[in-house]
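Visitor: Sequence order for the protein chains is E and G.
Be aware that the first sequence starts at 356, since it is given in the numbering used here, and climbs by one per residue.
Be aware that the second sequence starts at 4, since it is given in the numbering used here, and climbs by one per residue.
Hints were generated in silico from the structure; no laboratory data involved.
C-beta: ideal position from N, C-alpha, C; glycine also.
Hints are supplied without guarantee of correctness; some may be wrong.
Label pairs and their calculated CB-CB ranges [what the hints assert, rightly or not]:
| hint | chain 1 | residue 1 | chain 2 | residue 2 | range |
| --- | --- | --- | --- | --- | --- |
| 1 | G | Leu144 | E | Gln376 | 53 to 61 Å |
| 2 | E | Ala524 | G | Pro272 | 48 to 56 Å |
| 3 | G | Thr261 | E | Thr437 | 50 to 58 Å |
| 4 | E | Ser474 | G | Gln11 | 42 to 50 Å |
| 5 | G | Trp280 | E | Glu477 | 47 to 55 Å |
| 6 | G | Thr98 | E | Ala524 | 55 to 63 Å |
| 7 | G | Tyr155 | E | Ser367 | 38 to 46 Å |
| 8 | G | Leu144 | E | Thr372 | 53 to 61 Å |
| 9 | G | Phe6 | E | Thr427 | 49 to 57 Å |
| 10 | G | Ala12 | E | Trp440 | 28 to 36 Å |
| 11 | G | Thr98 | E | Ser367 | 19 to 27 Å |
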Amino acid sequence: MYAVEVEGLSVSYFETTALEQLSARFTMGQLVGIIGPNGAGKSTFIKAIMGLIPSEATTITLLGLSAKEARTRVAYVPQRSTIDWDFPIRVLDAVLIGCYPKLGLFKRPRKQHRQLAMSCLERVGMQDYANRQIGELSGGQQQRVFLARALAQEAELLLLDEPFVGVDAGSERVIIDLLRTLRDEGKTIVVVHHDLSKAADYFDTLLLLNRRMIAVGSPADVLHAKTIEGAYGNPLAFLQKVEVSS
Amino acid sequence: MNFIDFIQAITEYDFLQKALVTSVMVGIICGVIGCFIILRGMSLMGDAISHAVLPGVAISYLLGINFFIGAVATGLLTALGIGFVSQNSRIKNDTAIGILFTSAFALGIILISFLRSSSDLYHILFGNVLAVRPSDMWMTLVIGIIVLGAIYLFYKELLVTSFDPTMAAAYGLSTRLVHYLLMTMLTLVTVASLQTVGIILVVAMLITPAATAYLLTNRLSRMIFLSAGFGTLSSIIGLYFSFTYNLSSGASIVLVATALFALVFIFSPRHGLLRKWKSPKKELTT
Chain E
356 MYAVEVEGLS VSYFETTALE QLSARFTMGQ LVGIIGPNGA GKSTFIKAIM
406 GLIPSEATTI TLLGLSAKEA RTRVAYVPQR STIDWDFPIR VLDAVLIGCY
456 PKLGLFKRPR KQHRQLAMSC LERVGMQDYA NRQIGELSGG QQQRVFLARA
506 LAQEAELLLL DEPFVGVDAG SERVIIDLLR TLRDEGKTIV VVHHDLSKAA
556 DYFDTLLLLN RRMIAVGSPA DVLHAKTIEG AYGNPLAFLQ KVEVSS
Chain G
4 MNFIDFIQAI TEYDFLQKAL VTSVMVGIIC GVIGCFIILR GMSLMGDAIS
54 HAVLPGVAIS YLLGINFFIG AVATGLLTAL GIGFVSQNSR IKNDTAIGIL
104 FTSAFALGII LISFLRSSSD LYHILFGNVL AVRPSDMWMT LVIGIIVLGA
154 IYLFYKELLV TSFDPTMAAA YGLSTRLVHY LLMTMLTLVT VASLQTVGII
204 LVVAMLITPA ATAYLLTNRL SRMIFLSAGF GTLSSIIGLY FSFTYNLSSG
254 ASIVLVATAL FALVFIFSPR HGLLRKWKSP KKELTT
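Next comes chain G alone, as it looks inside the complex:
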């Protein structure tokens, strides 16, 4: 099946349309949030928060509430717990992250195994975009609008706290508040991505398109648009492979994102490998 057939199939099959809309939205919001995650050196935190929504999903199911609420609650609790442990002991931040997210994840696995079948667990962990329900699609769209709106409104604050947090604090901006705002958005994005790429691979969608964009531009605004673009492209091409060859949707999308990164890593006109080999940059004298 070639790409034309794929487009034909999209126009014919309702489930494929929903899958496409959902995964494109996920590609965009992960790409946008991911820029701030990598610039703040928080890739591991992104991994942690995405894993930490698992117990929330399980508890929501147990209580019969929307899994969105539980996911955000355990995601944020884990973020707060990480901050608490690293600020109140000699434990370093990355160690605190490692301890807390694995505990949350382990708890989630046990809760899920009590409540639901193992195939449900598999879908939460790895995603199954071709089984997206209309309600899932709408939730992803709403989350997308909220997250993009928040980034637009707080762009200045996100920029200054990422670039020079000390100056931000000096003029009275609460860097902690901005941090937890970003963590909240991160949990929302993870929940939105559950169906598409699943918990385990969300971090790839956050980091890889953003890192690809980072190698191509020296301006944050352009990096955000490029990253969203790479996220979208990965979603569409990944979905094509997933649908055509009956592959896991999350894994296909992530591998496409990786392939795009590899291309840019080698050929980027500014920061690519070839450029580095051709003209080794002189060390800046400081």
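Same shape as in the complex, but just chain E:
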């Protein structure tokens, strides 16, 4: 069984094609990076496999189930820019939302859910901020809180959209360490990521795409001049990024 299995996935908005005939499989218990240039359809890929946007495909399965059946076993962390950070909600209550899918209609979170939310905050090192309003946190702290919410969902498959954007180095460390721990616990984590320089270090498997699939496999297989040129139109994109970041 694959954590994610996609065959012949195409997505189009009105006239423009965002993804075309994309096929990929990720085995369970891996840390997977989705990489590619801006506008390559990385976020679209994640949203399409969750069934959040209309798409065409011969096969989409998550954890061997249809997207609909897998819903309560999948956790999604949206891009930070899509959230209204002025929303009147405290950190602990934001994490508590992670318990909603299992609670279902009409049931309210109880003490045990609060305790779960608190322990998830501890795992991301944010327990001291439980009573803060979410807008009072730094970008990295906000991302950690959303990761805590995903933990509270107790999902087997985690999908994260650009979790390292606008995040300080310390938080990035905390997040990647935690993602590795989760992977070692047997969970599958799929991360949309744009920084090529760290991709080889962070991920077990990479999917390089630019509207269509360019390459999929181990970082060593994916990150070489020919495939990078296929995605970015410039074989040195990878090298330039490495120089800048080192």
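Given the structure of chain E, go ahead and fit chain G onto it with the hints provided.
Guide: Same frame as chain E, but now just chain G:
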């Protein structure tokens, strides 16, 4: 006449009691629903739905049915129409709202002018709480209980779809269904508010107390209670001015709500103007 005399008058006059009960209920339910309206960035939608009940009121009168049914029908049809136009064309949502609610409102004005006198139109548009009939009061109470009950039952769903709709959709919650549930409640609240503040000013009761509360707290649950409180306070004080100086009830209530907002806007300990001037908040490094 001072406030003590006003309280005396309430105990004496039956019509004033009904006016008070009705406007307090309207203050509460508008305040509660308003929190979700402003947090979802739907203030214009609130304005639209309140105007869109007008043709429904007219048609109900024509058919001899309770105006409640017609109002909910045209309110919801307009909400659906706005969704349809913005999803099926390049027209943006606020433009679709502008086109559809003004059409509904214009249609309503023409229908009303055929059917009823211009003073009836005036009362529907601007409210006349001192002429509340017992049936109106009971309807407002029943609507209030339904709306507050629905908010209590669906609090989780309203919270998550307002805060992070993508996550809500990801775990299988129909954000569209929650949206139309809120639109239904909005039309109910508008109908309940017809007598008190009238169609034109309902939006103020939805937005102003909620915005005032938003400046005072960082927790949604507290914001809802504070907003209901500001709505109630505006209704009572507004009614006092309306009764004492023979002013339009809706306009008085709305201006009191605005005055409360202005006070909080300046003096709020967290988000007030004075606080901002004293200690300019540093830009958060992201």
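Visitor: Could you tell me which of the hints above the structure violates, numbers in ascending order?
Guide: Numbers 2, 3, 4, 5, 6, 10, in rising order.
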